[in-house]
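If you read the protein sequences in the order shown, they are chains G and F. Using full-length UniProt numbering, you'd call the opening residue of the first sequence number 1 and step up by one each time. Using full-length UniProt numbering, you'd call the opening residue of the second sequence number 1 and step up by one each time.
Treat the hints as calculated values from the structure; they're not laboratory data. Model, not experiment: these values are computed from the prediction. Among the hints, erroneous ones may be present.
[To be verified] Among the chain F residues that face chain G by a calculated CB cut under 7 Å, a handful are:
no., residue
1, 96
2, 98
3, 99
4, 201
[Said to hold, decoys possible] Have a look at the derived ranges for each label pair, beta carbon to beta carbon:
no., chain 1, residue 1, chain 2, residue 2, range
5, G, 196, F, 60, 31 to 41 Å
6, G, 196, F, 195, 25 to 35 Å
7, F, 104, G, 196, 24 to 34 Å
8, G, 107, F, 196, 27 to 37 Å
9, G, 24, F, 195, 28 to 38 Å
10, F, 138, G, 138, 25 to 35 Å
11, F, 104, G, 115, 45 to 55 Å
12, F, 23, G, 83, 56 to 66 Å
13, G, 73, F, 54, 40 to 50 Å
14, F, 79, G, 69, 40 to 50 Å
15, G, 197, F, 67, 33 to 43 Å
16, F, 45, G, 197, 36 to 46 Å
[Claimed, not checked] Computed footprint of chain G on chain F, listed as stretches where at least three residues anywhere in the stretch have a Cβ under 8 Å from a Cβ of chain G:
no., stretch
17, 168 to 182
18, 187 to 194
Glycine is no exception: its CB is placed at the ideal position from the N, C-alpha and C atoms.
Spelled out, the chains give:
Number of protein chains: 2
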Amino acid sequence: MTTISIIGSGNMATAIGNRAVQHGHTVELLSRNTATAKALADQLGNGTTVGTFGARPAGDIVIVAVLYAGAVDAVTQFGDALDGKTLVDITNPFNADASGVVTTPGNSISQQIAAAAPGSAHVIKAFNSIFGGVIAENKPVDLLFAGDNAEAKARFAEFVESLNMRALDAGGIGMAHALEWAGILLVGLAQNGAGFDVALGAKTTAI
Amino acid sequence: MTTISIIGSGNMATAIGNRAVQHGHTVELLSRNTATAKALADQLGNGTTVGTFGARPAGDIVIVAVLYAGAVDAVTQFGDALDGKTLVDITNPFNADASGVVTTPGNSISQQIAAAAPGSAHVIKAFNSIFGGVIAENKPVDLLFAGDNAEAKARFAEFVESLNMRALDAGGIGMAHALEWAGILLVGLAQNGAGFDVALGAKTTAI
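Extracted from the complex, chain G is given alone in its bound form (with noise of 0.2 Å):
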């Protein structure tokens, strides 16, 4: 059991935060929105904090679930505080129509959230290949990951896994992007038969 921290307390925070304090962790929500995340805090209860936006984070792996838009900025908010923390970037950089994404690659979301980020946080990809009800759901699922940093990646799949979701590593975080196009073929999916139960997984019998 550990401490995560969540900036943000929208529909993933909430999903995140709850698949969380259903596996035994302790969550702290830090967001600029305090009313938000007071009442986040009373609905995941199990002991869920509410932090300061900006202040260091109490988790050791540090969930950045704020829209795509302004994830670099929340960061760059947070700055030093983030020394030698993991940073799992959840977002999904889509286009208006959702036909594809804003970033290109070499340059995702976890990538730039890197270069705002202290040299010594570890930036992780995941979260952005499932939808949040699936998460709240808390059935076994494939939760697909990318980064760069070995050590951080093994804490991160330790912490997946114990949310009874089966982590599977995709490479490193020039992978982040793949899984932004993930992103918008899960949508596809979804759109045009499969329905938003569903989440992206690997393997060889899937029916």
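Go by the hints and put chain F onto chain G.
Relative to the frame of chain G, chain F by itself:
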């Protein structure tokens, strides 16, 4: 049961051809390399024929199973012989180290093939988020696809389901680029622990 034409005689032609004949379909092989095509036809058996490269394929569904760099040229060589056919683009246009794709949004190999094919042909992207070995294993598995023409997609999905695969529609042909990135993601997962006995899929209970 139907007749499927496959342009090519390599690993993917072998895998898809094998799976097709195992489920009662008849396969026609169309390859520049007639000797290889004849050897593969002998291997596949079950009435597999070898057609003439560039001549009108026997099947309504034509799998373009050549490497990406040669796909547009192959389709161009067939020209009007592909009138009204459903062309299935299975290519993965990877860069040299499989860290990304050489195509750009809106200009996937599928879209390049569509531009080179007769206007009456329909292009579907499929079979590129699954390893050939998994196709050959004949286990139930997800098969992601994309394309613009509803009727062609319905017939293709019926063929896919007859192979004991679940056909998952990702949307229009613009989604082919997302599928090309999905090929990169699949290789990343394979190389980082998942192994090569996998295919991308979409479900909530993936463990």
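Status of the given 45 to 55 Å range, CB of residue 115 of chain G versus CB of residue 104 of chain F: violated (23 Å)
Cut-off 7 Å, beta-carbon criterion: hint that residue 98 of chain F touches chain G: Where the cut-off is 7 Å and the nearest Cβ of chain G is about 10 Å from residue 98 of chain F, the hint is violated.
C-beta pair residue 196 of chain G, residue 60 of chain F: status relative to the range 31 to 41 Å that was hinted: holds (33 Å)
Residue 45 of chain F paired with residue 197 of chain G, Cβ distance criterion 36 to 46 Å: holds (42 Å)
Outcome, coverage of the stretch 168 to 182 of chain F by chain G - at least 3 residues whose beta-carbon is closer than 8 Å to one in that chain: holds (count 11)
Outcome of range test on Cβ distance (residue 24 of chain G, residue 195 of chain F; 28 to 38 Å): Once the Cβ atoms are compared, 31 Å apart, the range 28 to 38 Å for residue 195 of chain F and residue 24 of chain G holds.
Outcome of range test on Cβ distance (residue 107 of chain G, residue 196 of chain F; 27 to 37 Å): holds (29 Å)
Residue 196 of chain G and residue 104 of chain F - C-beta distance against the hinted 24 to 34 Å: Taking Cβ atoms as reference, residue 104 of chain F and residue 196 of chain G lie about 29 Å apart, which means the hint holds.
Outcome for the supplied range 33 to 43 Å, where the beta carbon pair is residue 197 of chain G and residue 67 of chain F: Given a distance of about 37 Å, which is inside 33 to 43 Å, the answer is holds.
Cβ separation of residue 73 of chain G and residue 54 of chain F, checked against the hinted range 40 to 50 Å: This hint is violated: roughly 57 Å between Cβ atoms.
Interface restraint verdict for residue 99 of chain F against chain G (beta-carbon cut-off 7 Å): holds (5 Å)
Distance restraint evaluation - residue 79 of chain F, residue 69 of chain G, Cβ atoms, bounds 40 to 50 Å: Cβ of residue 79 of chain F to Cβ of residue 69 of chain G: about 47 Å, so the range 40 to 50 Å holds.
In this structure, the hints that do not hold are numbers 1, 2, 11, 13, in rising order.
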